[in-house]
Amino acid sequence: MKSTAIPVDAAPRSKSRRLFKSIVSRYDLYLMLLLPIVWYLVFHYGPLYGLQIAFKNFSPAKGILASPWVGLEHFQRFVESYYFWRLLWNTVSINLFSLLFAFPIPILLALLINEIRSKTFSKIVQNVTYIPHFISVVVMVGMLMLFLSPRGGPVNSILQAFGAAPVRFLDSAAWFKTIFIGSNIWQNMGWQSIIYIAALSGVNPQLYEAAKMDGAGRLKRIWHVSVPGILPVIVILLILDVGHFMNVGFEKILLMQNNLNIQSSDVISTFVYTTGILKGEYSYTAAIGLFNSVINLALLVLVNRFARKKAETSLW
Amino acid sequence: MGEQTVKKRKSDEQLFDTVVNVLAVVILIVVLYPLIFIVSASFSDPALVLNGEVYLLPKHITFEAYKNVFQNEKIWNGYGNTIIYTTVGTAINVLMTTLAAYPLSRRDLPGRGVIMFFITLTMFFSGGLIPSYLLVKSLGMVNTMWALIIPGAIATYNLIVMRTYFQSSIPWEIQEAAHIDGCSNWKLLTHVILPLSKPILAVMVLFYAVGHWNSYFNALIYIRTKELYPLQLVLREVLLVSQADAVDSSVGMESKILLAESIKYVVIIISSLPVLVMYPFVQRHFVKGVMIGSLKG
Numbered sequence: 003m004k005s006t007a008i009p010v011d012a013a014p015r016s017k018s019r020r021l022f023k024s025i026v027s028r029y030d031l032y033l034m035l036l037l038p039i040v041w042y043l044v045f046h047y048g049p050l051y052g053l054q055i056a057f058k059n060f061s062p063a064k065g066i067l068a069s070p071w072v073g074l075e076h077f078q079r080f081v082e083s084y085y086f087w088r089l090l091w092n093t094v095s096i097n098l099f100s101l102l103f104a105f106p107i108p109i110l111l112a113l114l115i116n117e118i119r120s121k122t123f124s125k126i127v128q129n130v131t132y133i134p135h136f137i138s139v140v141v142m143v144g145m146l147m148l149f150l151s152p153r154g155g156p157v158n159s160i161l162q163a164f165g166a167a168p169v170r171f172l173d174s175a176a177w178f179k180t181i182f183i184g185s186n187i188w189q190n191m192g193w194q195s196i197i198y199i200a201a202l203s204g205v206n207p208q209l210y211e212a213a214k215m216d217g218a219g220r221l222k223r224i225w226h227v228s229v230p231g232i233l234p235v236i237v238i239l240l241i242l243d244v245g246h247f248m249n250v251g252f253e254k255i256l257l258m259q260n261n262l263n264i265q266s267s268d269v270i271s272t273f274v275y276t277t278g279i280l281k282g283e284y285s286y287t288a289a290i291g292l293f294n295s296v297i298n299l300a301l302l303v304l305v306n307r308f309a310r311k312k313a314e315t316s317l318w
Numbered sequence: 249m250g251e252q253t254v255k256k257r258k259s260d261e262q263l264f265d266t267v268v269n270v271l272a273v274v275i276l277i278v279v280l281y282p283l284i285f286i287v288s289a290s291f292s293d294p295a296l297v298l299n300g301e302v303y304l305l306p307k308h309i310t311f312e313a314y315k316n317v318f319q320n321e322k323i324w325n326g327y328g329n330t331i332i333y334t335t336v337g338t339a340i341n342v343l344m345t346t347l348a349a350y351p352l353s354r355r356d357l358p359g360r361g362v363i364m365f366f367i368t369l370t371m372f373f374s375g376g377l378i379p380s381y382l383l384v385k386s387l388g389m390v391n392t393m394w395a396l397i398i399p400g401a402i403a404t405y406n407l408i409v410m411r412t413y414f415q416s417s418i419p420w421e422i423q424e425a426a427h428i429d430g431c432s433n434w435k436l437l438t439h440v441i442l443p444l445s446k447p448i449l450a451v452m453v454l455f456y457a458v459g460h461w462n463s464y465f466n467a468l469i470y471i472r473t474k475e476l477y478p479l480q481l482v483l484r485e486v487l488l489v490s491q492a493d494a495v496d497s498s499v500g501m502e503s504k505i506l507l508a509e510s511i512k513y514v515v516i517i518i519s520s521l522p523v524l525v526m527y528p529f530v531q532r533h534f535v536k537g538v539m540i541g542s543l544k545g
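Protein chains in written order, with the working numbering: chain A, 3 to 318; chain B, 249 to 545.
FYI, nobody ran anything at the bench for these hints, they're computed from the structure. In this text, all values refer to a predicted model and were calculated from it rather than measured experimentally. One thing to keep in mind: the hints can contain errors.
[Said to hold, decoys possible] Cβ-Cβ distance ranges computed for the label pairs, FRET-style:
| no. | chain 1 | residue 1 | chain 2 | residue 2 | range |
| --- | --- | --- | --- | --- | --- |
| 1 | A | Ala163 | B | Val336 | 30 to 38 Å |
| 2 | A | Val205 | B | Arg257 | 17 to 25 Å |
| 3 | A | Val205 | B | Thr266 | 21 to 29 Å |
| 4 | B | Val336 | A | Trp87 | 52 to 60 Å |
| 5 | A | Leu102 | B | Lys474 | 47 to 55 Å |
| 6 | B | Tyr281 | A | Pro234 | 47 to 55 Å |
| 7 | A | Gly73 | B | Leu444 | 27 to 35 Å |
| 8 | B | Tyr281 | A | Gly73 | 51 to 59 Å |
| 9 | A | Gln265 | B | Asn391 | 29 to 37 Å |
| 10 | B | Thr438 | A | Ser27 | 35 to 43 Å |
| 11 | A | Ser83 | B | Asn391 | 27 to 35 Å |
| 12 | B | Phe366 | A | Lys222 | 44 to 52 Å |
| 13 | A | Pro230 | B | Val270 | 36 to 44 Å |
| 14 | A | Ala218 | B | Phe311 | 55 to 63 Å |
Even glycine gets a Cβ: it sits at the ideal position worked out from N, Cα and C.
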């Protein structure tokens, strides 16, 4: 839809001049953006530039540029290392189980809250369930230690009241994933349900009426009206969850980790911290971190493409 | 429809309501019980707590542990540091996020699509822990409060939330009108946009402040001096690290161990209190923030 009034050869010049003019007249907006853009370049693109040490033998004395290239040596060392399969399995399984168990619970909670008839009671349930979200990770893990303690922890007191022997939950590799995921659910289900509750409040009430007229009971109305109503939100959140599939919960895992549960608590990101920062093997662990990010990004792209095809909802 | 089926349906509905309410009560108990237990345990005789005799309400109420914590300099020092980090950090966060969000909300800004793309990209791909650590180190920020504040100056998610608010909640016509009246962009931001944006500013302050208050990991890698420890690192020592020490101690230290145990309950309470007290007043805003960020984004 080009304007026919302007001669053909003059069009590009006047267009670029107009662009130039509109940039100059808004110079102060760019001035506002200056600091944030510099910040993004330094603190987000800077580390991306620094990632090249994954392909080098970085020595702090020489700096990033002068350190010698070694190609894929660090990646190879990681893949062949004794820890590789353990780290990969723990990282993948913890996240897979989280997706399986922790992802649906906020949805169920939202559906439940939506079905509560009394407005006051539903508000109470809603407001109480998101209190735990504001507890810090350190306190959360501290609470786990106190609750699951074999000495006087309420969980073990109850077990003992039933005649069972006390269990050292936090020192056991077998219990680690259950505790980690279970406590995540306790802490975050209410908070994560907010989005679904908001989406549910946007579902057209006439749809419920119509379903009722057709003889649908409460469960059927949930399944055929509520769930489809929030499906786009579910898909988007699922994609976002997969988007950080490989790094969920790292700060908490680090605090819960000890020598007795390391068999199932050692994940890629905690390994990067302990080997990289504490032992100073920068290049090797930067390579491991990169390996992690690449898998992550690949998963995100795959799931997004799948969702766009199957559910017609996607991030981009 | 026969009378029989109407009756049956009514009782089905009632049954359903009962199930819903019972489930809701169970959830309330599961969420609240640990919180109540912590409070009760902090006031109870530590020996009874350790023997598993405290279930719900405090037994043999004592304030010994509270007295001890209030005399603990490490904790007060951590508290002070966290207050400073939270205040300064949040101020910088909100300033930087606004400076980025406002221009990017303007649909007449040439190139904003490209800039947005480069910003959004950082949400999905980053250099990772090691390069970021080396960067902060080379900037000389290790063992200063700036390491906890500057690298996290903008949370991209919050930036997008704020930009979405500017775009969808402030009528574009107001901005155009102000422009025609000869208002500069700075003036437009400070005199027109920000006064209209109090809800989103509140959300930003809350999100960022809670983030600073609760964060421990950056301090763990960047802060070496104990005088600079934020509250969460002090808590980590009291709650998690000292656990091993307490177990290793000899039997003669029994009363000391008991006290150390009940101090744990107290520090949990006093460190979470500021956020939890604030909570009833501000939870509306939190909810709003989550919804703006998710539904319209």
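Going through the hints against the structure:
no.: 1; hint: A:Ala163 / B:Val336: 30 to 38 Å; in the structure: 50 Å, violated
no.: 2; hint: A:Val205 / B:Arg257: 17 to 25 Å; in the structure: 22 Å, holds
no.: 3; hint: A:Val205 / B:Thr266: 21 to 29 Å; in the structure: 24 Å, holds
no.: 4; hint: B:Val336 / A:Trp87: 52 to 60 Å; in the structure: 45 Å, violated
no.: 5; hint: A:Leu102 / B:Lys474: 47 to 55 Å; in the structure: 42 Å, violated
no.: 6; hint: B:Tyr281 / A:Pro234: 47 to 55 Å; in the structure: 35 Å, violated
no.: 7; hint: A:Gly73 / B:Leu444: 27 to 35 Å; in the structure: 56 Å, violated
no.: 8; hint: B:Tyr281 / A:Gly73: 51 to 59 Å; in the structure: 56 Å, holds
no.: 9; hint: A:Gln265 / B:Asn391: 29 to 37 Å; in the structure: 34 Å, holds
no.: 10; hint: B:Thr438 / A:Ser27: 35 to 43 Å; in the structure: 19 Å, violated
no.: 11; hint: A:Ser83 / B:Asn391: 27 to 35 Å; in the structure: 32 Å, holds
no.: 12; hint: B:Phe366 / A:Lys222: 44 to 52 Å; in the structure: 48 Å, holds
no.: 13; hint: A:Pro230 / B:Val270: 36 to 44 Å; in the structure: 27 Å, violated
no.: 14; hint: A:Ala218 / B:Phe311: 55 to 63 Å; in the structure: 58 Å, holds
In terms of the numbered hints stated before, the structure departs from hints 1, 4, 5, 6, 7, 10, 13, listed from lowest to highest.
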